[in-house]
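2 protein chains.
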Amino acid sequence: MKICGIFLVVSLFSTAFSDETSDPYLLPKPSILQYPSEHNKVGGEEVNLYCTSWRFAAETNNLAPWSTIPAECADYVKDYVMGRSYSTDLERVSEEASIFASSVEFSGDGKDIWVFDIDETLLSNLPYYIDHGFGLELFDHSEFDKWVERGVAPAIAPSLKLYQRVVDLGYKIFLLTGRKESHRLVTVENLINAGFQNWDKLILRSPDELHKMATLYKSEKRDEMVKEGYRIRGNSGDQWSDLLGSSMSQRSFKLPNPMYYIP
Amino acid sequence: MKICGIFLVVSLFSTAFSDETSDPYLLPKPSILQYPSEHNKVGGEEVNLYCTSWRFAAETNNLAPWSTIPAECADYVKDYVMGRSYSTDLERVSEEASIFASSVEFSGDGKDIWVFDIDETLLSNLPYYIDHGFGLELFDHSEFDKWVERGVAPAIAPSLKLYQRVVDLGYKIFLLTGRKESHRLVTVENLINAGFQNWDKLILRSPDELHKMATLYKSEKRDEMVKEGYRIRGNSGDQWSDLLGSSMSQRSFKLPNPMYYIP
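Which chain is which? The protein sequence lines are A and B, in order.
Residues in the first sequence are numbered consecutively from 1, following full-length UniProt numbering.
Residues in the second sequence are numbered consecutively from 1, following full-length UniProt numbering.
Any given hint could be a false lead.
One copy or two, either will do: identical chains are not told apart, so a pair holds if it fits within one copy or between any two.
Straight-line Cα separation of at most 20 Å, SDA-like style, residue types lysine to any residue; simulated pairs [unchecked claim]:
#: 1; residue 1: Lys180; residue 2: Tyr128
#: 2; residue 1: Lys78; residue 2: Trp66
#: 3; residue 1: Lys161; residue 2: Ile99
#: 4; residue 1: Lys180; residue 2: Glu45
#: 5; residue 1: Lys212; residue 2: Gln250
#: 6; residue 1: Lys146; residue 2: Ser206
#: 7; residue 1: Lys201; residue 2: Gly229
#: 8; residue 1: Lys111; residue 2: Ser249
#: 9; residue 1: Lys78; residue 2: Leu49
#: 10; residue 1: Lys227; residue 2: Ser246
#: 11; residue 1: Lys78; residue 2: Asn48
#: 12; residue 1: Lys161; residue 2: Leu63
#: 13; residue 1: Lys78; residue 2: Thr52
#: 14; residue 1: Lys78; residue 2: Glu45
#: 15; residue 1: Lys161; residue 2: Ala64
#: 16; residue 1: Lys172; residue 2: Asp200
#: 17; residue 1: Lys111; residue 2: Gln197
#: 18; residue 1: Lys111; residue 2: Arg84
#: 19; residue 1: Lys161; residue 2: Arg55
#: 20; residue 1: Lys201; residue 2: Lys227
#: 21; residue 1: Lys146; residue 2: Ala194
#: 22; residue 1: Lys227; residue 2: Val188
#: 23; residue 1: Lys172; residue 2: Trp199
#: 24; residue 1: Lys172; residue 2: Phe139
Source of the hints: derived by calculation from the structure; they are not laboratory data.
Construct the complete structure from the given sequences, taking the supplied hints into account.
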């Protein structure tokens, strides 16, 4: 058993890893989506391996800034977000965050807070991305603004469950979003219609903050919270730029999002 | 198309998510491995969905500290690390890190450094974990020490490739490991036999640091580097405790490791 095991490892690790880099940034980016009607099995398995590895790299923040998903992963990302994998991952994050939220011992001074991002964290823009290639199309600010202004983004159910749990536990809720101040009203209406209530602060980008990197903008806002004496216990976001930087939370919860990247 | 899309989303997001939490920490932890000889297809798909989601949560640092992998994921983790998925993920991280390393503009003062963890980053302990349940068995310090003292851990090939690239580019290499100072000699021998050379510092835990959390120990060591004027450009590690904390690197690279967790 031992000899067999070591043989397997040696064969795995002495394999010459291919020198051909498959750089997704060099791939063509078609503006018209084409979903191949069928993969043959071997091709499908290769694509699945490649795209799963790409997704791991994206979700662990290993990728360089990227603007669109790799063309060959169009089907993969679609299947992921439309199938059970995405919702299973969302449920898991919600459960883990809920376990942690329940375990925190409050000091009773009302200064324990939970920070939530909004898009792809509390509200889902999947209806928009269904019509825009699940991340295969280059992001179109004006088209996306039109979607936001409709105010009909549905709640991400496991996040709503976590949200309610965190409110019930007595945390103060700070919503910290990259959306702009001019979208405050529609964002409030959308959140309420989707079932979110009782937040303490809703922080949006002011006009002079529109061109700041998200990591910096969100760090500055968290710095202010800490300066005001708040303890950031939890932070839920689908982007690493929601979670990393200064004044990081005691525990961060990274929701899945293989469709887009915000630096 | 639009109506169809919205219908799909609504049905996905209005599904009542199950209240049954499946807490892996409450599962039995057998000391004898039993790999079911066959899953029926539906059962196998469910397990795959559950374990993929567990792996996503582990790799994104969403899980509470865990001591063993979930019992029902024993086969899944074994298949992952022994099959092509693990090596594909390792290659991807190596390639992304290499692209970034090449893009950094050096100041020419010899103060640009790259930090590498050792275990499951440069050297693989898979031969040990093959004989110890791939993370299903509770970690046994004395057994693992015996393995380390043999000094035969193989190189992780894509990491060796990155290492050589980073050396060639002119970075100073700092190896920062949780291994103890008494393992210095065997670690040096093991690294050299596995093909690693030309590092500038090898930092191991001194006796008074043995019980520090890894995040704190590694942060303190990085703080010292920064104090000495070094710029930590890249940091490669398989644990978030290698990467998070103070004096974080310009870019971090998280290698996959679904077998164990170090806080």
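Going through the hints against the structure:
1. Lys180 x Tyr128: Cα proximity of Lys180 and Tyr128: one copy only (18 Å, versus 52 Å across).
2. Lys78 x Trp66: Within one copy, since 18 Å is at most 20 Å while 32 Å is not.
3. Lys161 x Ile99: Answer is within: at 12 Å inside a copy they meet the 20 Å cutoff, but 40 Å across does not.
4. Lys180 x Glu45: neither (42 Å within a copy, 42 Å between copies)
5. Lys212 x Gln250: Cα proximity of Lys212 and Gln250: across copies only (18 Å, versus 25 Å in one copy).
6. Lys146 x Ser206: within (19 Å within a copy, 59 Å between copies)
7. Lys201 x Gly229: within (15 Å within a copy, 40 Å between copies)
8. Lys111 x Ser249: Classified as within; 13 Å inside a copy, 31 Å across copies.
9. Lys78 x Leu49: Both. Shortest intra-copy (15 Å) and inter-copy (16 Å) distances satisfy the 20 Å Cα cut-off.
10. Lys227 x Ser246: This pair counts as both: shortest intra-copy Cα distance 12 Å, inter-copy 19 Å.
11. Lys78 x Asn48: Both: 12 Å inside a copy, 19 Å across copies.
12. Lys161 x Leu63: Cα proximity of Lys161 and Leu63: across copies only (18 Å, versus 31 Å in one copy).
13. Lys78 x Thr52: Cα proximity of Lys78 and Thr52: in one copy and across copies (13 Å, 17 Å).
14. Lys78 x Glu45: both (16 Å within a copy, 19 Å between copies)
15. Lys161 x Ala64: between (33 Å within a copy, 19 Å between copies)
16. Lys172 x Asp200: Intra 6 Å, inter 48 Å, cutoff 20 Å: intra-copy only.
17. Lys111 x Gln197: within (19 Å within a copy, 51 Å between copies)
18. Lys111 x Arg84: Cα proximity of Lys111 and Arg84: none, with 37 Å in one copy and 48 Å across.
19. Lys161 x Arg55: Classified as neither; 26 Å inside a copy, 22 Å across copies.
20. Lys201 x Lys227: Answer is within: at 16 Å inside a copy they meet the 20 Å cutoff, but 38 Å across does not.
21. Lys146 x Ala194: The answer is within: 18 Å in one copy meets 20 Å, while 56 Å across copies does not.
22. Lys227 x Val188: neither (26 Å within a copy, 46 Å between copies)
23. Lys172 x Trp199: within (7 Å within a copy, 48 Å between copies)
24. Lys172 x Phe139: neither (33 Å within a copy, 39 Å between copies)
Hint check: violations occur at hints 4, 18, 19, 22 and 24; the rest are consistent with the structure.
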